[in-house]
Amino acid sequence: MKALIMAGGYATRLWPITKDNPKALLPVGDRVILDYIMENVGELGIETYISTNRFFEAHFRPYAEKYGVTLLVEDTLHEEEKLGTIGAMKKAVDELGLDDYLVIAGDNLFSFRLADFVANYGGRTLIAVYDVGDPELAKRYGVVEIEGRRVVSFEEKPLNPSSTLVSTGVYVFPREVMARIDEYLSEGNRDSPGYFIQWLLEKGEEIEAYPFSDYWYDIGSADSYLEALRTLMKESHVEEIQISPYAKIIPPVVIKRGAKILGRSMIGPYAYIGEDCVIENSDISDSIIFRGTVIRNSTIWRSIIDEKCEIRNLELRKSLVGGHAKIQRGE
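Read in this note's numbering, the sequence shown has 123 at position 123, and its numbers run on one by one without any break.
Just so you know, the hints here were simulated from the structure itself, not pulled from any lab data.
Careful, some of the hints might be misleading.
[To be verified] Taking lysine-lysine and the DSSO-like style, the derived pairs with C-alpha atoms no more than 30 Å apart in a straight line are:
| no. | residue 1 | residue 2 |
| --- | --- | --- |
| 1 | Lys66 | Lys318 |
| 2 | Lys139 | Lys248 |
| 3 | Lys19 | Lys90 |
| 4 | Lys203 | Lys19 |
| 5 | Lys157 | Lys90 |
| 6 | Lys318 | Lys308 |
| 7 | Lys308 | Lys157 |
Please work from the sequences and hints to get the whole structure.
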């Protein structure tokens, strides 16, 4: 078995913060999304590959070296050129050969151990499923009906979901199924794992489900990103920083090296402050502030502010601010 982590997308739904940064490398607590996945995969001791694109290749190189894995790089630089997940899986088979493949979406944060998931693999396609508990939310995903462990129905992004159990972007595909990718693509089907699974089921392939609970986050929106931060930021992690004696830190927080917390600032709970940020006389909670940003005399709540911004004299709530922005009210 080989593990294939899919990180070839351009994450347009999270632009502008992902315009120059791959979604799999967004920070969640004191680690990035990919760290959580790689530490989980590492328990399996199997060959592991990260599938990405030419545009983000340099970002992933240090992580490939850190974890001793190989990059598979598709030759694309723009969203409209990219291979989809199935196209990237085909590229993996072409380069690495047929095998059973553990396929993991690189923007997934989930609570189960992959060792337990793989232990439940018995030679048939296996998909991890999670009950989102909301029919409206289920419409965004592949909706699953099961009898015992057997998948009896699968519909990608249905208008009227038959259940709230959804596929989560973690799969094991046996080599016989990987061999059918060419057939699937040659029929003009959509390059998406949900539609591939739906097609397999229609072709008579047996598919099994691995239900899990606790948590699952598909980091496709600012809300899901911030919710993941709240769940996974268990402890504070404060590096070498400058902090005013009048400032207050409410854990849990992550404050990276070189940050300056000045005046009567209040940081936390659930705040991520990147390298070399300057926060002065400001309150920041439930928010992610990327490196080099300056915030003065402001209140930031449930917001994401990209790198090297300047925010002054503002109250921002549920906001997403792109890099290098300068926003202020008054003097």
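Going through the hints against the structure:
1. For the hint linking Lys66 to Lys318, the alpha-carbon distance of about 35 Å lies beyond 30 Å, and the restraint is violated.
2. With a CA separation close to 42 Å, the supplied pair Lys139 and Lys248 exceeds the 30 Å bound.
3. Restraint check: the Cα-Cα separation between Lys19 and Lys90 comes to about 26 Å, which is no more than 30 Å; the hinted pair holds.
4. Distance check on the hinted pair: Lys203 and Lys19 sit about 38 Å apart at the alpha-carbon level, beyond 30 Å; violated.
5. As the CA atoms of Lys157 and Lys90 are separated by approximately 23 Å, the hinted pair is consistent with the 30 Å bound.
6. The suggested pairing of Lys318 with Lys308 holds, with an alpha-carbon distance near 19 Å, which does not exceed 30 Å.
7. For a cut-off of 30 Å, the pair hint linking Lys308 to Lys157 is broken: about 37 Å separates their Cα positions.
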